[in-house]
Every structure is written in C-alpha cells, then in structure tokens.
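Chains as they are written, first to last, in this note's numbering: chain A, 1 to 183; chain B, 184 to 296.
Hints listed in this document are in silico derivations from the structure and should not be mistaken for laboratory results. We put the CB at the ideal spot given by N, CA and C, even for glycine. Keep in mind that a hint or two might mislead.
Only pairs whose alpha carbons sit at most 20 Å apart, straight line, appear in this in silico DMTMM-like list of lysine to aspartate or glutamate [what the hints assert, rightly or not]:
#: 1; chain 1: A; residue 1: Lys165; chain 2: B; residue 2: Glu259
#: 2; chain 1: A; residue 1: Lys85; chain 2: A; residue 2: Glu104
#: 3; chain 1: A; residue 1: Lys85; chain 2: A; residue 2: Asp124
#: 4; chain 1: A; residue 1: Lys165; chain 2: B; residue 2: Asp191
#: 5; chain 1: A; residue 1: Lys165; chain 2: B; residue 2: Asp189
Derived Cβ-Cβ restraints for the label pairs, each shown as a range [stated by the list, open to error]:
#: 6; chain 1: B; residue 1: Glu197; chain 2: A; residue 2: Arg151; range: 15 to 25 Å
#: 7; chain 1: A; residue 1: Ala131; chain 2: B; residue 2: Pro188; range: 34 to 44 Å
#: 8; chain 1: A; residue 1: Gln101; chain 2: B; residue 2: Gln224; range: 24 to 34 Å
#: 9; chain 1: B; residue 1: Val235; chain 2: A; residue 2: Asn89; range: 33 to 43 Å
#: 10; chain 1: A; residue 1: Ala181; chain 2: B; residue 2: Ala205; range: 30 to 40 Å
The lines below spell out each chain.
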Amino acid sequence: MNGPPPRSRLGVADERLLAALAIAGDDEAFGELVRRRQEPIRQLLRRLCRDATLADDLAQQTFVQAWRSVRALRAPAAFGAWLRKLAVNVWLQHARTRAAQAREAAGATPPEQSVEPATGERLDLDHALAALPTPVRLCIVLAYAERMSHREVSEMTGIPLGTVKSHIARGAARLRIRLAAYG
Amino acid sequence: MHEHPDEDLRQLFERARTPLAAEAFLAALDARLAAAQRRAQRRRAVAVALGVALAAALALVAAPLLTHLSLAVGAESQGASARLGAALASPGGWGLALALALLLLRRSGALGR
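Start from the sequences and build out the full structure, keeping to the hints where you can.
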C-alpha cells in the first residue's frame with residue numbers, strides 16, 4: 001500500500017489519480033481537479049450562455065454538483081467528460097427554467113441576458129450563437145469549441161446522430177451568414 | 184477535425200477563448216462548497232438524530248409488549264414445572280423414576296459385577 005500522495009504533490013499528480021482520490025472522498029484532490037478544470041468549463045459555459053457572470057455562476061453550480069456526486073463516478077479516467085456533461089446539463093436546466101419563466105411572464109421570447117462588455121469577434125460570435133436555438137447552439141459549441149466528434153456530441157447530449165449532423169450543418173451555415181452580416 | 188470542415192469557424196471559436204482569471208472564481212466556489220459541506224453535515228446530523236429518535240420510539244412501543252410476553256412465558260414455564268414436580272412426586276412417578284434408574288445402572292454395567 002503506497003497510500004495517497006503528499007498534498008504538495010497533488011499539483012503534479014495525474015488527473016486519473018486525482019479523480020480516484022476524489023471518488024474516495026479526498027476533498028484536496030477534488031480541489032486540485034477544480035483548479036485544473038475551471039477554465040475549460042467556464043469557457044464552455046461562456047460560449048453557451050453568452051453572459052460571463054451567469055456562466056461563472058453555472059460553472060460553480062457544476063462544481064458543487066460534481067462534489068456532491070463524484071463518489072458515484074465509476075471510471076476516474078472519465079472525469080473530464082463527466083464534468084463537461086454535468087456542465088451542459090446545468091446549462092440546459094437553466095435554459096429550460098428561463099424559457100418557462102419567459103412563457104409564464106408574457107408569452108414572449110426569453111428576456112435578453114446581460115452581456116459582458118466585449119468587442120470584436122468574440123462579441124460577434126456570442127451574438128450569432130445567441131440567435132441559434134438551444135439544441136443547435138449546444139451542438140455547434142460542442143463541435144467547434146470543444147472539438148468533439150458528431151458521435152461524441154450525440155452521446156453527450158442524447159440527440160440522435162443524424163439530428164446532431166443536421167444541427168451542426170445548419171447551425172454553422174447560419175453562423176457564417178450572421179458573422180458575414182456583422183462584417 | 185474532418186467532421187467540422189469549416190476551419191475559419193473553428194479558429195474563430197479558438198480565438199474567442201480568452202484567458203480567465205481564476206482567483207475570484209475559486210474564492211466564490213470555495214465559499215459555495217463550504218456552504219454545501221455544512222448543509223451536508225447538517226443533513227447527516229438530522230438523519231442520525233431521526234434514527235435515534237425512531238429507535239427510542241420503537242423501544243417505547245415495544246417495551247410493554249415484550250414485558251407482557253416475557254411474563255406470560257414465565258408463568259407458563261412455572262406451571263409446567265409445577266406439573267412436572269407433582270407427576271414425579273406421585274407413586275407412578277416414583278415407579279417410573281426407579282425403573283429409569285435401574286435401566287441406567289444396568290446399561291452402565293454396575294449391576295453385572
């Protein structure tokens with residue numbers, strides 16, 4: 001029995017080892033995983049929800065949910081994909097709640113989110129993404145920002161593979177048109 | 184990325200990934216995780232207290248029944264002992280005891296020597 005590595009070595013430990021320790025209830029190892037994974041999860045949520053403050057709030061919800069349910073994770077090697085799926089589900093839940101609230105409020109389209117001050121390409125991209133329907137935006141972001149294959153997108157979202165392909169093709173076309181209009 | 188042939192679009196997404204400051208995010212997350220840990224500890228404490236209370240309530244309900252049952256068993260065994268004692272003290276009981284004693288002595292070989 002070698003036992004867990006000293007705390008000072010967690011920073012250079014392999015992610016699978018950290019995930020295995022976190023699954024076993026080691027909060028220090030979970031903290032190290034959070035430090036490593038916070039940036040990609042926040043980037044993903046920023047592309048999905050356009051609002052930086054909201055994205056960080058959803059990212060925090062994701063990590064709190066991950067802390068609660070990490071013991072149920074069976075394969076330490078799957079930690080990254082599991083966390084990303086958790087983030088997507090948190091965002092989808094938020095989007096559903098917001099859409100329901102908007103329908104109740106006025107029967108109108110969902111209210112516009114506050115937007116972080118940004119300029120140039122990123123603002124254009126986020127504007128164009130925000131105009132896409134939720135499932136199309138999700139497929140586009142997972143495919144282009146997360147560089148996932150069609151099959152991986154289908155497996156993560158539960159959307160049939162054929163639908164994923166058409167979402168990505170149509171979404172990309174709409175993005176190009178909108179981005180061209182922004183100049 | 185042969186499945187996503189639009190390289191311009193992919194690069195646009197890549198350029199949109201601006202570096203993010205971690206400190207404020209991690210500090211806020213630490214506070215949320217600490218609150219979640221406190222809530223989980225409270226839930227565990229409440230669950231333990233409920234378990235103890237339930238066990239105590241069950242003991243309170245079951246105690247009179249158990250007492251009644253043990254008294255009934257005691258009374259029954261006392262009656263059975265009395266009946267056995269009376270049977271052994273009767274002439275028939277004496278005779279049976281004597282016959283049993285002779286049988287045992289014979290089987291042990293003490294009467295043969």
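Tell me the hint numbers this structure goes against, listed in increasing order. 1, 2, 3 and 7
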